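As a plain string of letters, each chain reads:
Number of protein chains: 2
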Amino acid sequence: MAERIAGYDYGTDAVAVSPVTQDDLQLLKAATMFSDEDEQYLRKAGEILKDQVDQILDLWYGWVASQPHLVYYFTGPDGQPDARYLQAVRHRFGQWILDTCLRPYDQDWLNYAHEIGLRHHRTKKNQTDQVASVPHIPLRYLIAFIYPIGMTIRSFLEKKAESPEELDKMHQAWLKSVVLQVALWSYPYAKEGDW
Amino acid sequence: MAERIAGYDYGTDAVAVSPVTQDDLQLLKAATMFSDEDEQYLRKAGEILKDQVDQILDLWYGWVASQPHLVYYFTGPDGQPDARYLQAVRHRFGQWILDTCLRPYDQDWLNYAHEIGLRHHRTKKNQTDQVASVPHIPLRYLIAFIYPIGMTIRSFLEKKAESPEELDKMHQAWLKSVVLQVALWSYPYAKEGDW
Numbered sequence: 000m001a002e003r004i005a006g007y008d009y010g011t012d013a014v015a016v017s018p019v020t021q022d023d024l025q026l027l028k029a030a031t032m033f034s035d036e037d038e039q040y041l042r043k044a045g046e047i048l049k050d051q052v053d054q055i056l057d058l059w060y061g062w063v064a065s066q067p068h069l070v071y072y073f074t075g076p077d078g079q080p081d082a083r084y085l086q087a088v089r090h091r092f093g094q095w096i097l098d099t100c101l102r103p104y105d106q107d108w109l110n111y112a113h114e115i116g117l118r119h120h121r122t123k124k125n126q127t128d129q130v131a132s133v134p135h136i137p138l139r140y141l142i143a144f145i146y147p148i149g150m151t152i153r154s155f156l157e158k159k160a161e162s163p164e165e166l167d168k169m170h171q172a173w174l175k176s177v178v179l180q181v182a183l184w185s186y187p188y189a190k191e192g193d194w
Numbered sequence: 000m001a002e003r004i005a006g007y008d009y010g011t012d013a014v015a016v017s018p019v020t021q022d023d024l025q026l027l028k029a030a031t032m033f034s035d036e037d038e039q040y041l042r043k044a045g046e047i048l049k050d051q052v053d054q055i056l057d058l059w060y061g062w063v064a065s066q067p068h069l070v071y072y073f074t075g076p077d078g079q080p081d082a083r084y085l086q087a088v089r090h091r092f093g094q095w096i097l098d099t100c101l102r103p104y105d106q107d108w109l110n111y112a113h114e115i116g117l118r119h120h121r122t123k124k125n126q127t128d129q130v131a132s133v134p135h136i137p138l139r140y141l142i143a144f145i146y147p148i149g150m151t152i153r154s155f156l157e158k159k160a161e162s163p164e165e166l167d168k169m170h171q172a173w174l175k176s177v178v179l180q181v182a183l184w185s186y187p188y189a190k191e192g193d194w
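Chains A and B supply the protein sequences, listed in that same order.
Taking numbering that gives the first Met the number 0, I'd label the letters of the first sequence as residues 0 to 194.
Taking numbering that gives the first Met the number 0, I'd label the letters of the second sequence as residues 0 to 194.
Source of the hints: derived by calculation from the structure; they are not laboratory data.
Please note: incorrect hints may appear among the correct ones.
One copy or any two copies: either way a pair holds, since identical chains are not told apart in the list.
[Claimed, not checked] Distance condition first, Cα-Cα at most 20 Å in a straight line; then the derived PhoX-like pairs of lysine-lysine: (1) 28 with 168; (2) 49 with 168; (3) 190 with 28; (4) 158 with 123; (5) 123 with 43; (6) 124 with 190; (7) 159 with 49; (8) 124 with 168.
On a predicted model such as this, the values are computed, not experimentally measured, just so you know.
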């Protein structure tokens with residue numbers, strides 16, 4: 000976290016204000032079964048994942064790169080993947096892994112979750128990195144990614160988990176958080192009053 | 000399946016036509032890592048779950064009933080849960096467990112998935128059962144439910160799985176399918192062109 004990550008505006012005025020309140024968040028947490036215990040296991044997960052961020056991103060980026068209909072959302076006007084865009088997003092994606100595990104889910108976190116949604120949605124896609132890529136990532140892929148992002152983390156947690164029980168609890172906490180965050184990111188996609 | 004389930008219009012003209020094509024579905028399956036092998040494991044899961052549908056629904060209904068902000072979506076004008084509505088949905092919910100495991104994901108299945116989305120959304124909520132409940136289930140709770148519905152099935156699969164490996168594969172196939180279906184159900188919630 001020593002180096003400034005371009006476009007990583009966490010906790011600053013550059014980030015949108017989330018329309019979601021802490022009360023909404025508590026109810027949403029309950030609907031994903033997310034508890035205080037999960038928060039504790041996310042802290043442990045963060046300690047394990049923080050040294051493996053590059054390997055995790057290699058796996059995720061490799062998987063996306065293998066599917067033309069997914070890498071499409073990183074392509075430029077020439078139809079080729081925009082390497083600068085991929086790289087800029089990668090730095091923030093790595094930081095997101097850490098934030099998921101180590102940040103308190105307070106108003107700054109809610110605001111940045113909302114900002115992440117906007118940056119996938121046509122409202123703000125491409126703006127942060129000033130790229131000329133396709134204008135929008137569809138809602139269905141945001142939801143679909145719950146599985147790969149939620150599940151592939153397990154092998155990285157496994158490397159340093161102290162017991163099968165701890166592994167499982169860290170992994171469940173991660174999966175709940177991913178579901179919770181995709182629910183938050185979906186806000187700009189929903190029709191007025193539908194979210 | 001011998002008895003007709005009220006409002007269960009699978010494969011009939013009473014069901015909406017999905018705007019999602021088989022090509023879209025294949026790409027969405029790929030984004031959730033859903034493969035032919037998952038289809039096979041869902042068949043096995045169906046054989047295990049079909050005798051436990053009532054117990055599964057008891058668990059899910061008990062969990063929803065314990066959370067006022069969730070049972071709210073089943074309440075009538077008097078603010079009390081509508082027992083007839085809960086019961087009518089329950090029959091179809093049980094059938095959904097079987098359909099998830101045992102039906103081919105063809106056009107009829109896609110159409111009914113779209114219908115399920117409409118019945119959660121303000122477009123068609125309450126109509127099937129002719130009830131006067133709250134008009135809409137928010138998108139965020141549809142997404143949030145991926146976790147409880149996706150994960151609590153494991154203990155039921157565990158009872159008759161032949162090996163830990165088979166249990167895991169059945170469970171992963173189930174979770175992928177739940178993610179896939181919530182992505183399909185989200186269609187009516189999205190702004191024009193955002194899905």
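A quick look at each hint next to the structure:
1. 28 with 168: within (16 Å within a copy, 27 Å between copies)
2. 49 with 168: within (18 Å within a copy, 29 Å between copies)
3. 190 with 28: neither (22 Å within a copy, 25 Å between copies)
4. 158 with 123: neither (37 Å within a copy, 48 Å between copies)
5. 123 with 43: Intra 33 Å, inter 44 Å, cutoff 20 Å: neither.
6. 124 with 190: Answer is both: 18 Å inside a copy and 16 Å across each meet the 20 Å cutoff.
7. 159 with 49: within (12 Å within a copy, 38 Å between copies)
8. 124 with 168: Answer is neither; intra-copy 34 Å and inter-copy 36 Å both fail.
Hint check: violations occur at hints 3, 4, 5, 8; the rest are consistent with the structure.
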